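Asks: Assemble the whole structure, with the sequences as input and the hints as a guide.
There are 4 protein chains.
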Amino acid sequence: MALAQNRYGKSRVRLVRVKRHADRHDFQEWSVEILLQGDFESCFTDGDNSKILATDTMKNTVYSLARDSAATCMEEFGKEMVDFLLRRNPQVTHAEVSISEKVWERVEANGKRHPTTFVQSSGERAVTRVSRAPGARLAIRSGLENLVIMKTAGSGFEGYIQDSLTTLPPTADRLFGTALKAGWEYGTEIVAYAAVRAKIREILLAEFSAHESKSVQHTLYAMGEGVLKQIPEVNEIELTMPNLHCLLVDLSRFGQTNPNEIFVPTDEPHGYIEATVRR
Amino acid sequence: MALAQNRYGKSRVRLVRVKRHADRHDFQEWSVEILLQGDFESCFTDGDNSKILATDTMKNTVYSLARDSAATCMEEFGKEMVDFLLRRNPQVTHAEVSISEKVWERVEANGKRHPTTFVQSSGERAVTRVSRAPGARLAIRSGLENLVIMKTAGSGFEGYIQDSLTTLPPTADRLFGTALKAGWEYGTEIVAYAAVRAKIREILLAEFSAHESKSVQHTLYAMGEGVLKQIPEVNEIELTMPNLHCLLVDLSRFGQTNPNEIFVPTDEPHGYIEATVRR
Amino acid sequence: MALAQNRYGKSRVRLVRVKRHADRHDFQEWSVEILLQGDFESCFTDGDNSKILATDTMKNTVYSLARDSAATCMEEFGKEMVDFLLRRNPQVTHAEVSISEKVWERVEANGKRHPTTFVQSSGERAVTRVSRAPGARLAIRSGLENLVIMKTAGSGFEGYIQDSLTTLPPTADRLFGTALKAGWEYGTEIVAYAAVRAKIREILLAEFSAHESKSVQHTLYAMGEGVLKQIPEVNEIELTMPNLHCLLVDLSRFGQTNPNEIFVPTDEPHGYIEATVRR
Amino acid sequence: MALAQNRYGKSRVRLVRVKRHADRHDFQEWSVEILLQGDFESCFTDGDNSKILATDTMKNTVYSLARDSAATCMEEFGKEMVDFLLRRNPQVTHAEVSISEKVWERVEANGKRHPTTFVQSSGERAVTRVSRAPGARLAIRSGLENLVIMKTAGSGFEGYIQDSLTTLPPTADRLFGTALKAGWEYGTEIVAYAAVRAKIREILLAEFSAHESKSVQHTLYAMGEGVLKQIPEVNEIELTMPNLHCLLVDLSRFGQTNPNEIFVPTDEPHGYIEATVRR
Chain Z
1 MALAQNRYGK SRVRLVRVKR HADRHDFQEW SVEILLQGDF ESCFTDGDNS
51 KILATDTMKN TVYSLARDSA ATCMEEFGKE MVDFLLRRNP QVTHAEVSIS
101 EKVWERVEAN GKRHPTTFVQ SSGERAVTRV SRAPGARLAI RSGLENLVIM
151 KTAGSGFEGY IQDSLTTLPP TADRLFGTAL KAGWEYGTEI VAYAAVRAKI
201 REILLAEFSA HESKSVQHTL YAMGEGVLKQ IPEVNEIELT MPNLHCLLVD
251 LSRFGQTNPN EIFVPTDEPH GYIEATVRR
Chain F
1001 MALAQNRYGK SRVRLVRVKR HADRHDFQEW SVEILLQGDF ESCFTDGDNS
1051 KILATDTMKN TVYSLARDSA ATCMEEFGKE MVDFLLRRNP QVTHAEVSIS
1101 EKVWERVEAN GKRHPTTFVQ SSGERAVTRV SRAPGARLAI RSGLENLVIM
1151 KTAGSGFEGY IQDSLTTLPP TADRLFGTAL KAGWEYGTEI VAYAAVRAKI
1201 REILLAEFSA HESKSVQHTL YAMGEGVLKQ IPEVNEIELT MPNLHCLLVD
1251 LSRFGQTNPN EIFVPTDEPH GYIEATVRR
Chain H
2001 MALAQNRYGK SRVRLVRVKR HADRHDFQEW SVEILLQGDF ESCFTDGDNS
2051 KILATDTMKN TVYSLARDSA ATCMEEFGKE MVDFLLRRNP QVTHAEVSIS
2101 EKVWERVEAN GKRHPTTFVQ SSGERAVTRV SRAPGARLAI RSGLENLVIM
2151 KTAGSGFEGY IQDSLTTLPP TADRLFGTAL KAGWEYGTEI VAYAAVRAKI
2201 REILLAEFSA HESKSVQHTL YAMGEGVLKQ IPEVNEIELT MPNLHCLLVD
2251 LSRFGQTNPN EIFVPTDEPH GYIEATVRR
Chain R
3001 MALAQNRYGK SRVRLVRVKR HADRHDFQEW SVEILLQGDF ESCFTDGDNS
3051 KILATDTMKN TVYSLARDSA ATCMEEFGKE MVDFLLRRNP QVTHAEVSIS
3101 EKVWERVEAN GKRHPTTFVQ SSGERAVTRV SRAPGARLAI RSGLENLVIM
3151 KTAGSGFEGY IQDSLTTLPP TADRLFGTAL KAGWEYGTEI VAYAAVRAKI
3201 REILLAEFSA HESKSVQHTL YAMGEGVLKQ IPEVNEIELT MPNLHCLLVD
3251 LSRFGQTNPN EIFVPTDEPH GYIEATVRR
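Residue numbers (this note's numbering), protein chains in the order written: chain Z, 1 to 279; chain F, 1001 to 1279; chain H, 2001 to 2279; chain R, 3001 to 3279.
If you are wondering where the hints come from, they were derived from the structure by calculation, not from laboratory data.
These numbers were taken from a predicted model, which means no experiment stands behind them.
The beta carbon of each residue, even a glycine, is placed where N, CA and C say it ideally should be.
Warning: the hint list may mix true and false statements.
Okay, derived cross-link-like pairs now, DSS-like style, lysine-lysine, Cα gap no bigger than 25 Å in a straight line [unchecked claim]: (1) LYS2112/H with LYS2019/H; (2) LYS2112/H with LYS3112/R; (3) LYS229/Z with LYS1112/F.
To give an idea of the chain H side of the interface with chain Z (calculated C-beta under 10 Å), a few residues [what the hints assert, rightly or not]: (4) SER2164; (5) LEU2165; (6) THR2167; (7) GLY2255; (8) VAL2264; (9) THR2266; (10) ASP2267; (11) GLU2268; (12) PRO2269.
Here are a few chain R residues that sit away from chain F, every Cβ distance over 12 Å (derived from the structure) [unchecked claim]: (13) GLN3028; (14) THR3072; (15) SER3098; (16) LYS3112; (17) PRO3134; (18) VAL3148; (19) GLY3183; (20) GLU3236; (21) PRO3259; (22) VAL3264; (23) PRO3269.
Replies: Below is the structure:
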């Protein structure tokens, strides 16, 4: 009997940071997860907690570091957390800090952006995962989740296998929607994370909009390729694109036509495509 | 033994409408619920289905009417549905159609709004409930749900009851967040629904931003009053404002100050305030 | 401009009670909501908090009362809470306490029920809502939510209206599933709540099982009638039965029959039936 | 630019199977996911769909195979699906079918288990993932998810690292709750899956109940070891145990003691422990 892979930590440590400038406040809301690997076998096998950093202490660490942190984005705060944990815990052989950010923007009231009032403007999340083994190089994987997008033109799906169980009719004109998840690896440690993130998001949206899509796969690849071509800091990008199917309603039963105007959006079942594009 | 209040219908009838103009598409996504009351007692007591409009037929009605509808907003489509159902079903004494709309906006790509690509830009929902008894006047109650907003200045909570179970410290400076739900009744049947809705949302945001808040109740009332003052079409407005509490973290245990910068946002427990303001 | 209906309070106050007997522990998990109405107008209109019981204090009240409470069930604890709040807050004209209980049962290990280990055995919730105005009689409405049940025999749906938008085929043999919600009013203040609740649940399941169903309405009524006939403490019962539709898959396209064996369960759209049966 | 890892398929294909015996029905509800890897590069890079099995066809495959299947459990149906997909799609180099089963049990009415009425008795899920490359051996990983369990005795947490950010007090008597997720690999292809699954679940519950726990890790290991000792068919087991924290309420502020009786259960933040135990 042996202990194989194991890790532990604290999940869903929620944090709001308010930076109080003279003329405005900045507002950030993060959810942080810390996961450690290391020399913890005796805890499992003998109930020896002497090498265990309590997960409650990890939570305290998030708040204490956040107070003194100069980090302006999640990636930088993740670095601070990982290095702090490794420095104080020699029994740890790998530390990983994942952060998910809700999107808050300033409220526009009477034509002006309000300095101290905010609106949560999307179900989208910005995410990052920073990890390091002692002495090794930082790995930073950033991304976004739940960017829900839809094309009503420039999308078809034809020429696929027709077997005895195939009933889907080929079409040169369908709706194509997805809840995009993207994750990219940085090849270097010094990056203007927020600016690069904004640029990647812009490219993903532009490629999705412009692409003449023959399949989800086809568009996914074009989006990944677009990012790698324009963003030298990124080595590889993984894109996950579940289909948000919109099914054309058969109105002929009621003596009506339906020239691609009336659809039923469905959550299940749904197609699922994921791929990594690499330089 | 007697049958008292009863109603039935179809929930979560999802609908996407694409309007295909020469230079652009319009995209709307609705979830429709139909609820009928009427002379249905024999169905309950004797299993007599002869007066029952199948809920599957209600679903078909949504799609068939949507195809021919000239409605440009939910409220107008709700009216068409209610009148259609009453006209064809004399056994119905009250028909109600509720619609919830996801917010989709055009993608901005390369500085331009794309004509046929959309992004779901918020977890907010626009809602309406249209109802009528045969021969009676339409009742239209519109609203919005899950407008998540936060003030980092201009909010305190002091002077409340101090009893033996009170531990909350009074404060002149706290974060004030809520997931706003608003519902308003129109006093007339002819309204520019979409334009009025946009204006109401703008007023709610402006009042929330500008208010020097002494409590959630205090701000809620100012917001309701603001709408009634500026929107003559609205007779009354109900506002529901659950607190999105952000708790100040006690960092003194770690020798640190916390001048209202580091907070824990929490989902539970949460304060809950609702009120109706009426002309 | 006037303040109409208003109420406020605390939601999702979560509580675990462990009763430590010599030979076993009892374990209960509740979520409590308190809602007050009263003389609070000046809070809304003037920001005067002097009559406001802070919702944080309500939360403390739950924990403090729970410690000393002799209540063995939610209904009794709800009574204690309501009376405590009314006694200490003369400005309150109506107090309401709602409680939702998760179902935990003892783990069976090695053929015996373990005295101090528990398993959350269902997604079902037991609920109650206790309310009172000063000097008035207590109203107690108890119920259950999310009791997910399914009949594979004894259910048909035929003889309903056939209009131009009807496509559903009548059937004498369909699956009938629902996530039952039930709420009943007690006509008297002294009831063996836990025992009566168990008996009501048993009757609802027995009637659902035995009924030859001609529609959801038909079975709903039989279930309500069954409860009223056997439980004198209950005056009326409201039952809510959303359809958990299981759609027969058309396998003829693949040269196969499907004698009511293979179905697609769907969450949306769904039929929705609610009714109150009264003595 | 190169395509690296990629896979695609259909998620959330929901299926109800009713087996109609003379004296009773059997009822199963599954959600199926199919994921394929293979020679699909030209689809991504050139929009060539000629090797693509439409995900809609995968959905049809689930229903068609289910009709003729002799499988009595998820694992056997997963095998049939994988072999069917590999046989008909030479371009596929790896096929994976995951199934999640809701727990339905017969209703007990009037002291008897009803032959054709069922109740969904838990939020727990039984799961399996069956996968194979052409010519290679089947891999079957089965498990369970969301088995929510709680110990009110026999659990402490002491002796962990005390650093400058540690505030958690050590305790010899705490509540220990978790939403257990378990996954085990079978070392052989012929297994009585349902019987072994039931036995594993029983062992996990018995070990959790009996263990004198010094930490989550300590109990997790005992549970994994218990399974491996008694179930020769299993080579390794992974257990994931997020903490369902119950925090002792400080009632001293109200002049009350709290001898481990009144707790606040919380969802976030939460500790998270995962480990694999291997023979």
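Asks: Now, for every hint given, state plainly whether the structure supports it.
Replies: So, going through the hints one by one against the coordinates:
1. Straight-line distance between C-alpha atoms of LYS2112/H and LYS2019/H comes to about 20 Å, which keeps the hinted pair within the 25 Å bound.
2. Taken as a hint, the LYS2112/H and LYS3112/R pair is honoured in the structure, with Cα atoms around 22 Å apart against an allowance of 25 Å.
3. About 22 Å separates the Cα atoms of LYS229/Z and LYS1112/F, which keeps this hinted pair within 25 Å; it holds.
4. Look at SER2164/H: its Cβ gets to within about 7 Å of chain Z, closer than 10 Å, so that hint holds up.
5. The interface hint given for LEU2165/H is met, as the beta carbon of that residue sits about 6 Å from the closest beta carbon of chain Z, less than 10 Å.
6. Hint on THR2167/H holds. Least Cβ distance to chain Z is approximately 6 Å, under the 10 Å limit.
7. Interface restraint check: GLY2255/H against chain Z, minimum CB-CB distance 8 Å, threshold 10 Å, status holds.
8. Taken as an interface hint, VAL2264/H checks out: its beta carbon lies about 9 Å from the nearest beta carbon of chain Z, inside 10 Å.
9. Evaluation of the THR2266/H hint against chain Z yields a held restraint, the C-beta minimum of about 8 Å falling below 10 Å.
10. For ASP2267/H, the interface hint holds, since its Cβ comes within 10 Å of a Cβ in chain Z; the closest pair sits about 8 Å apart.
11. With a least beta-carbon distance of about 8 Å to chain Z, the hint placing GLU2268/H at the interface is held under the 10 Å criterion.
12. Given the 10 Å rule on beta carbons, the hint for PRO2269/H holds: about 9 Å separates it from the nearest Cβ of chain Z.
13. Interface exclusion of GLN3028/R from chain F stands, the closest Cβ pair being 25 Å apart, more than 12 Å.
14. Look at THR3072/R: its CB is around 33 Å from the nearest CB on chain F, clear of 12 Å, so calling it non-interface holds up.
15. With a least beta-carbon separation of about 26 Å from chain F, SER3098/R lies farther than 12 Å from that chain, consistent with its non-interface assignment.
16. No beta-carbon of chain F is positioned within 12 Å of the beta-carbon of LYS3112/R; the least distance is around 25 Å.
17. Every Cβ of chain F is farther than 12 Å from the Cβ of PRO3134/R; the closest lies at roughly 40 Å, confirming the non-interface assignment.
18. Listed as outside the interface, VAL3148/R is consistent with that label: its C-beta sits roughly 18 Å from the nearest C-beta of chain F, beyond the 12 Å cut-off.
19. Under the 12 Å C-beta cut-off, the non-interface status given to GLY3183/R relative to chain F holds; the minimum distance is some 29 Å.
20. With a closest Cβ-Cβ approach of about 37 Å to chain F, GLU3236/R is found to remain outside the 12 Å limit, as its non-interface label requires.
21. For PRO3259/R, the requirement that its beta carbon stay farther than 12 Å from each beta carbon of chain F is met, with the minimum near 20 Å.
22. Not every beta carbon of chain F lies more than 12 Å from that of VAL3264/R, the smallest distance being close to 9 Å; the non-interface claim is violated.
23. The Cβ of PRO3269/R sits about 9 Å from the closest Cβ of chain F, inside the 12 Å cut-off, so the non-interface label is violated.
Taken one by one, the earlier hints fail for this structure at numbers 22, 23, listed in ascending order.
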